[in-house]
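These protein sequence lines map, in sequence, to chains A and B. With this note's numbering, the residue at position 245 of the first sequence is 245, and numbering never jumps. With this note's numbering, the residue at position 104 of the second sequence is 104, and numbering never jumps.
A few of these clues could be false.
Just so you know, same-sequence chains aren't split out, so a pair can sit in one copy or run between any two.
Computed cross-link-like contacts, SDA-like style, restricted to lysine to any residue with a CA-CA straight-line distance of at most 25 Å [claimed, not checked]:
no.: 1; residue 1: Lys106; residue 2: Ala188
no.: 2; residue 1: Lys14; residue 2: Glu357
no.: 3; residue 1: Lys71; residue 2: Asp36
no.: 4; residue 1: Lys14; residue 2: Ala150
no.: 5; residue 1: Lys331; residue 2: Ser223
no.: 6; residue 1: Lys44; residue 2: Arg456
no.: 7; residue 1: Lys432; residue 2: Ala188
no.: 8; residue 1: Lys25; residue 2: Ser219
Simulated from the structure, these hints should not be mistaken for lab results.
There are 2 protein chains.
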Amino acid sequence: MAPKLDGYFKQVDKLSETFIDRLRKAVAIPSISADDDRRQDVVKMSEFLVSELTSLGAHVESRPLGPQPGKRDLDLPPVIVARHGSSPDKRTILLYGHYDVQPALKDDGWATEPFALSIDDKGRMYGRGSTDDKGPVLGWLNAIHAHREARIELPVNLLMCFEGMEEYGSEGLDDFIEKEAKPGGFFADADAVCISDNYWLGTEKPCLTYGLRGCNYYSVAISGPGQDLHSGVFGGSAQEPMTDLMRVLGSLVDTNGKIKIPGINEMVAPLSEEEKSIYGGISYTIDNLHESIGSTTGIYEDKENTLMARWRYPSLSVHGIEGAFSAGGAKTVIPAKVIGKFSIRTVPDMESGKVDECVFKHVKEVFAALTSKNTLDVQLMHAGNWWVASPKHWNYTAAAKAVEAVFHTKPDLTREGGSIPVTLTFEKATGKNCLLLPMGSSTDAAHSINEKLDRRNYIEGTKLLGSYLHYVAAEELGG
Amino acid sequence: MAPKLDGYFKQVDKLSETFIDRLRKAVAIPSISADDDRRQDVVKMSEFLVSELTSLGAHVESRPLGPQPGKRDLDLPPVIVARHGSSPDKRTILLYGHYDVQPALKDDGWATEPFALSIDDKGRMYGRGSTDDKGPVLGWLNAIHAHREARIELPVNLLMCFEGMEEYGSEGLDDFIEKEAKPGGFFADADAVCISDNYWLGTEKPCLTYGLRGCNYYSVAISGPGQDLHSGVFGGSAQEPMTDLMRVLGSLVDTNGKIKIPGINEMVAPLSEEEKSIYGGISYTIDNLHESIGSTTGIYEDKENTLMARWRYPSLSVHGIEGAFSAGGAKTVIPAKVIGKFSIRTVPDMESGKVDECVFKHVKEVFAALTSKNTLDVQLMHAGNWWVASPKHWNYTAAAKAVEAVFHTKPDLTREGGSIPVTLTFEKATGKNCLLLPMGSSTDAAHSINEKLDRRNYIEGTKLLGSYLHYVAAEELGG
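Input sequences plus hints: build the corresponding full structure.
Below, the structure is given as structure tokens:
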């Protein structure tokens, strides 16, 4: 039996100006986690959440994380954890969001003051943090608020985890989550996890995100001379590390993105007919790609291959070179030591350690074939695993029904090319299904100037989050 | 009949402390041409030369060069031109040197104050400009001084050209030389040119330098996306300019320095048996190479091939990439536009324009073979020609005899891998033979910290410069 949501929807509409005012107050607090001088504002933002959640009847705790590593006199902002409801008869859903924001200065090119919510006649609400991630975090508060006002009982118990360092590497969070997910911890009885911190694939159609690629990042250092040399004096008589590095980096991938390291492509999970059929239905066009890359230099001419390349196949990018001449103009230097940087986006069923093995073997073989006297050192700089959840899990089927109830359309089931590391942390720590349920759209310019959240995405998104709680409470086990 | 030089030599020895004091006074003036705030010291150094030359009986003029391009309120330092003797029966030798110096700060790592001449117990005279190029410039003054004191008539007329912007690109000098070399100009009656502004190949044996390589410097820009992209989001769906650039830059040269651009090596003048036989006699060892490059990563294991690779064969160096990620750490960027920089050192008989043709053709072909949608733009950034003089010219044979008279050994006949552009300017403007007659040794650390000139090189070098004037006056026409 489908949940009855009309009362809730009406209440959200009724309170919409209150909800926008809540967002206005939050945006006005410049909670920039990367800026030490703004740390007090990050803390102020955490206090705002504590106050709001308390007034909504939640049990709230502000959990200190201690001093920021490497900065003795600066404490990390607290993690705000909250519980709303503890009925043993209800499912318990763990919500994650972050209350810190990216840096922003009017002088960066903002059309409006970044820390003053500014709404234009098309309902675009500009302000730093509007879409990333204050809007979605407040969406959960709004959902509780509207239920409370409409005297509708929440059909699930809610656990909340709102952090203040997401834009600066989530320092301290992984340990915290792992600890609290253990028996007796704050998150111990979670049945599923929902994260609202990403975006629709376009602007019209909501999506549920069930996969993220991983990333293995490598350095290839080649060194020879004891110091940088003058190319006039030594060109032709000394072996040059840059010459070797160009050969090594040129052997990794071709113009059309095909990875040329033996063994990598072989690890990729085969494409089933069932999965293949998904891509055709996704709301996306090649024009969308061209618009977002600002050119027509895409690899594929069709939507299906483009989406598969972004979501379910690995890619290899050469990012740059450390130690070579990188400024404008001309300099006749032979760099003594150059470090190439490249990364591989990983997908199921690539094992991180085996990817490393293939990379190291290939790079060493290419270098050995050069018979160079220079010295090679190839290293993994960091690795983050890919993540894929089952979109057939009740957590997802519930969310899909909620989308239909609010937007009258089935959501696209999407994956993303980039990583959201906390997803994997929650999945590992809780052992439960994680759902990525975005509120904002692809045009929201998170991390950029003129970040915004459309009024529609905020208000209908608040309806979606609340509806999801009803469907996830009612959904039969499955997936 | 060999010139009688004993009287001159004795006078030089007698005045040696006076000459060292002259160098001390010159080093004490921090005439750093690259530092606007030191421009008054560059001018002060020019005034010092005017005063010294005048007291030595020369006719001296301080020629203004006008404001420094791009700096309205800052005048270029003057060119000091001087004439000593104007007998129509004598040959006229044009001398070039520079009185400005590289920047130097004690904090850069100098063991002594850079602008206070400091002489250690091995006779090493430390100070900025000691070897580059105040020592050699004062060497000429010392030679005149000793002749005057010993009442020995100079057997040649001298023209002098001492500039104050050499370490900052010799701004304004080319036009000045061209103008003054024309009929009626200050340098119009020069019969030969002598430049003392380079170094011995080692520390024991003097050399005469008769060739320099040229340099054609190229940029290869590859662009695609409208802005930098996130490799997680777009990796695999967008063609990446760095991928293409690695392929292009990897096609230019191999580990052992062999240029792989068709047509380049074919332009190189063939090695005659006569030329080949020169290299074996040069005072140089593979250990010298390893010491100067700070490693054993040289291309050749023998002296002859090493010297030929530096002096008479072209080389290609990849210097770096503009626009890619170049800092430490890891950044997951797909750079939108990357500009590779490389240069080719040119030698006889390579024509600069034909080198460009070969480079452009090759780069475009390699790129075309990639069938990339990205855009390629390959450009020549700057070109300077190679230069080779005839070491059989009387200017050289005279200098060789002077070396034997002072050092009791035949000089090595060397070429250099790098360029000294003013050499070509003088040769073109005057149409006369140019000789590079170095005073300092390979260990003098010009442009580096702890620059020095050995007392022996300065005093015996003063004898050499004076002796050269006697031999060049007496040498029969030839070469």
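Against the structure, the hints come out as follows:
1. Lys106 x Ala188: neither (43 Å within a copy, 63 Å between copies)
2. Lys14 x Glu357: neither (59 Å within a copy, 73 Å between copies)
3. Lys71 x Asp36: For Lys71 and Asp36, only the intra-copy Cα distance (10 Å) is at most 25 Å; the inter-copy one is 40 Å.
4. Lys14 x Ala150: within (10 Å within a copy, 109 Å between copies)
5. Lys331 x Ser223: both (19 Å within a copy, 22 Å between copies)
6. Lys44 x Arg456: Neither. Shortest intra-copy (28 Å) and inter-copy (73 Å) distances fail the 25 Å Cα cut-off.
7. Lys432 x Ala188: This pair counts as within: shortest intra-copy Cα distance 11 Å, inter-copy 91 Å.
8. Lys25 x Ser219: So Lys25 and Ser219 fail the 25 Å test inside a copy (44 Å) and across (51 Å) alike.
When the structure is compared with the earlier hints, violations turn up for hints 1, 2, 6, 8 and for no others.
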